[in-house]
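Going line by line, the protein sequences match chains F and P.
For what it's worth, our numbering labels the leading residue of the first sequence as 96, then goes sequentially.
For what it's worth, our numbering labels the leading residue of the second sequence as 96, then goes sequentially.
By construction, these hints were calculated from the structure, which means they are not laboratory data.
Please note that the accuracy of each hint is not assured.
Note that identical chains are pooled: a pair holds if it fits in a single copy or bridges any two copies.
[Said to hold, decoys possible] Using 25 Å as the maximum straight-line C-alpha spacing, the simulated DSS-like pairs for lysine-lysine come out as follows: (1) Lys316 - Lys385; (2) Lys380 - Lys220; (3) Lys126 - Lys217; (4) Lys127 - Lys217; (5) Lys126 - Lys225; (6) Lys127 - Lys220; (7) Lys126 - Lys220; (8) Lys225 - Lys127; (9) Lys416 - Lys316; (10) Lys114 - Lys127; (11) Lys412 - Lys114.
All of these numbers come straight from a predicted model, not from anything done at the bench.
One-letter residues, chain by chain:
Protein chains: 2
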Amino acid sequence: MEETRESRRIRLAHGSGGKLMHQLISDLFRKKFHNEILDRLSDSAVIPDFAETGSDLCFTTDSYVVDPLFFPGGDIGKLAVCGTVNDLAVEGAVPLYLTCGMILEEGLELEILERVTDSMAKTAKEAGVKIVAGDLKVVERGKADRIFINTAGVGSREKRGWENRKIAPGDKILVNGPIGEHGVAVMAARGNFELEMDVKSDCAALFPLVREIVKVSGNVKFMRDPTRGGLATTLNELTAGASFGIEIVEEEVPLTEPTRAACEILGFDPFFMANEGKVIIVAAKEDAGKILEAMRVHPLGKDSRIIGEVTEKPAGKVILKTAIGGRRILDMLVGEQLPRIC
Amino acid sequence: MEETRESRRIRLAHGSGGKLMHQLISDLFRKKFHNEILDRLSDSAVIPDFAETGSDLCFTTDSYVVDPLFFPGGDIGKLAVCGTVNDLAVEGAVPLYLTCGMILEEGLELEILERVTDSMAKTAKEAGVKIVAGDLKVVERGKADRIFINTAGVGSREKRGWENRKIAPGDKILVNGPIGEHGVAVMAARGNFELEMDVKSDCAALFPLVREIVKVSGNVKFMRDPTRGGLATTLNELTAGASFGIEIVEEEVPLTEPTRAACEILGFDPFFMANEGKVIIVAAKEDAGKILEAMRVHPLGKDSRIIGEVTEKPAGKVILKTAIGGRRILDMLVGEQLPRIC
Numbered sequence: 096m097e098e099t100r101e102s103r104r105i106r107l108a109h110g111s112g113g114k115l116m117h118q119l120i121s122d123l124f125r126k127k128f129h130n131e132i133l134d135r136l137s138d139s140a141v142i143p144d145f146a147e148t149g150s151d152l153c154f155t156t157d158s159y160v161v162d163p164l165f166f167p168g169g170d171i172g173k174l175a176v177c178g179t180v181n182d183l184a185v186e187g188a189v190p191l192y193l194t195c196g197m198i199l200e201e202g203l204e205l206e207i208l209e210r211v212t213d214s215m216a217k218t219a220k221e222a223g224v225k226i227v228a229g230d231l232k233v234v235e236r237g238k239a240d241r242i243f244i245n246t247a248g249v250g251s252r253e254k255r256g257w258e259n260r261k262i263a264p265g266d267k268i269l270v271n272g273p274i275g276e277h278g279v280a281v282m283a284a285r286g287n288f289e290l291e292m293d294v295k296s297d298c299a300a301l302f303p304l305v306r307e308i309v310k311v312s313g314n315v316k317f318m319r320d321p322t323r324g325g326l327a328t329t330l331n332e333l334t335a336g337a338s339f340g341i342e343i344v345e346e347e348v349p350l351t352e353p354t355r356a357a358c359e360i361l362g363f364d365p366f367f368m369a370n371e372g373k374v375i376i377v378a379a380k381e382d383a384g385k386i387l388e389a390m391r392v393h394p395l396g397k398d399s400r401i402i403g404e405v406t407e408k409p410a411g412k413v414i415l416k417t418a419i420g421g422r423r424i425l426d427m428l429v430g431e432q433l434p435r436i437c
Numbered sequence: 096m097e098e099t100r101e102s103r104r105i106r107l108a109h110g111s112g113g114k115l116m117h118q119l120i121s122d123l124f125r126k127k128f129h130n131e132i133l134d135r136l137s138d139s140a141v142i143p144d145f146a147e148t149g150s151d152l153c154f155t156t157d158s159y160v161v162d163p164l165f166f167p168g169g170d171i172g173k174l175a176v177c178g179t180v181n182d183l184a185v186e187g188a189v190p191l192y193l194t195c196g197m198i199l200e201e202g203l204e205l206e207i208l209e210r211v212t213d214s215m216a217k218t219a220k221e222a223g224v225k226i227v228a229g230d231l232k233v234v235e236r237g238k239a240d241r242i243f244i245n246t247a248g249v250g251s252r253e254k255r256g257w258e259n260r261k262i263a264p265g266d267k268i269l270v271n272g273p274i275g276e277h278g279v280a281v282m283a284a285r286g287n288f289e290l291e292m293d294v295k296s297d298c299a300a301l302f303p304l305v306r307e308i309v310k311v312s313g314n315v316k317f318m319r320d321p322t323r324g325g326l327a328t329t330l331n332e333l334t335a336g337a338s339f340g341i342e343i344v345e346e347e348v349p350l351t352e353p354t355r356a357a358c359e360i361l362g363f364d365p366f367f368m369a370n371e372g373k374v375i376i377v378a379a380k381e382d383a384g385k386i387l388e389a390m391r392v393h394p395l396g397k398d399s400r401i402i403g404e405v406t407e408k409p410a411g412k413v414i415l416k417t418a419i420g421g422r423r424i425l426d427m428l429v430g431e432q433l434p435r436i437c
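Turn these sequences into a full structure, and let the hints guide you.
Take a look at the structure:
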């Protein structure tokens with residue numbers, strides 16, 4: 096009985112981007128809210144030919160509950176802008192407008208709110224988006240944790256992006272730099288560890304990089320930013336139920352020495368650590384070289400690498416070719432590894 | 096010193112829709128996020144000629160933290176859909192798509208989440224909108240209060256709505272039915288009072304009513320749903336800094352006997368009590384009659400009334416002509432009357 100009752104409650108793991116979350120989303124939200132746009136299950140909704148305008152509208156939302164509010168390389172405000180504009184950018188949209196809904200805890204120092212708001216304003220300006228509407232709620236002391244922010248974003252894109260190009264064996268997988276930095280920076284900033292860790296969050300708005308990629312190639316087939324759940328989870332989302340697999344070469348995956356060391360000490364796997372300024376690209380083999388070149392020229396992509404490829408078998412799985420020559424299945428994040436990472 | 100430190104902290108009143116909230120919004124958010132769209136300060140952002148499509152995009156957001164989650168006439172899920180589609184409808188837009196961001200507290204019973212999600216799905220269907228994207232975060236026990244929901248919404252409208260029609264003395268003020276019911280229903284549902292109160296929230300999606308109004312008149316000049324802060328606050332938002340005033344005739348303002356009695360017992364003023372299914376309309380005098388007629392035919396408007404008019408003086412003020420023949424200034428909500436009412 097006890098177990099049954101507990102299994103009918105929300106756990107932290109439901110929010111950590113891994114298996115339990117995907118399950119809840121498909122068992123509950125997808126079923127109840129069912130419609131053809133939601134069913135695509137991408138980072139951002141795509142509304143084709145919005146209001147008969149001939150243009151696709153991309154529309155997305157994320158709430159931010161990161162703890163702590165400030166961490167090396169960013170803060171909740173910067174995150175709340177970057178995270179949402181990135182969801183638009185990886186769908187091929189030009190991010191244009193954001194809304195901002197804040198839930199504040201009674202007693203919050205105004206100075207903190209000001210710093211967060213400054214950071215949002217600065218990041219929005221840099222990303223070329225306008226915050227056009229907002230909402231403010233305050234709850235009693237102890238009923239929230241200082242600041243929660245929701246941003247929703249809209250962007251437009253020309254019709255027929257890469258969503259109809261079929262991913263096929265031989266396609267290359269690229270990433271624009273070292274993985275795991277956001278997750279490590281936030282965990283380290285919690286101060287539960289004795290060690291000083293010199294890792295900064297990679298938090299950044301990716302649209303300028305995405306624009307360069309799309310300029311040089313008409314053969315991009317998929318883009319996504321591997322946030323909660325990390326690289327492994329995003330790749331698993333892509334292969335889930337697919338007729339193809341993915342093989343990643345461990346040695347090719349960019350990883351800095353501080354991140355590697357921090358993960359070892361903390362007992363985390365960098366493949367599951369969150370990123371907030373990374374994009375995974377799947378592109379036709381023949382264009383991978385020129386995409387890589389274009390990415391490397393851009394500051395957000397100077398450490399870009401081809402990290403693997405789409406394979407015929409095993410369908411639906413992500414395989415990691417390890418440094419010592421072995422192969423193992425790289426599964427989705429399971430369990431409560433990292434609550435409140437974004 | 097103590098007072099200074101306290102005045103630099105967020106208070107519950109910052110979220111209750113009244114003076115403190117307006118001050119914070121104009122001192123902080125409007126300054127930092129400044130742009131021509133945000134500056135309009137309406138319930139929903141209007142992006143003229145969105146992405147050169149020739150059509151206006153309306154875009155809005157609200158977070159919902161109502162306590163309790165379920166109350167007579169509604170629940171947080173119904174509220175989260177109605178509140179946001181109403182913000183679009185009163186801007187003259189056809190509400191089309193919503194996003195849904197949920198912040199859940201660890202330990203929440205799945206059954207509650209299911210009931211809320213069911214309610215959102217049902218309300219969205221009735222309101223003719225699709226929930227197209229979502230996000231889920233979970234925070235530790237004691238770091239949120241069961242469920243917080245953010246919805247953002249987009250809608251489209253034809254160019255040139257009523258936003259350019261100038262409000263002028265003689266214009267009539269209309270409302271579609273009795274005020275204060277949402278506020279009273281939620282307060283009563285908190286169970287802090289000995290009395291049974293037979294008041295249901297008026298929570299409803301207003302678009303079908305708004306559509307009928309716009310059909311019969313090209314002379315609507317302003318619409319807004321008087322939610323947090325109630326009728327008095329919305330009217331004060333309208334007159335703030337304006338060259339006109341507003342006079343409301345107390346006896347004409349619809350108010351049911353149970354709401355009146357509950358307000359008397361609870362010590363609240365119905366003019367400041369929240370509504371979630373009411374709309375205030377300002378329209379040219381000559382069209383007020385036919386608008387009223389059209390409203391009364393609709394189930395959401397059967398108790399509609401003309402409650403007052405726009406006056407020349409005193410500019411910037413809302414005057415209440417009381418039942419006993421006096422006149423008093425009806426100011427904006429001050430203080431912490433009703434936290435977490437929506």
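**Prompt:** Which of the listed hints are broken here?
**Reply:** 2
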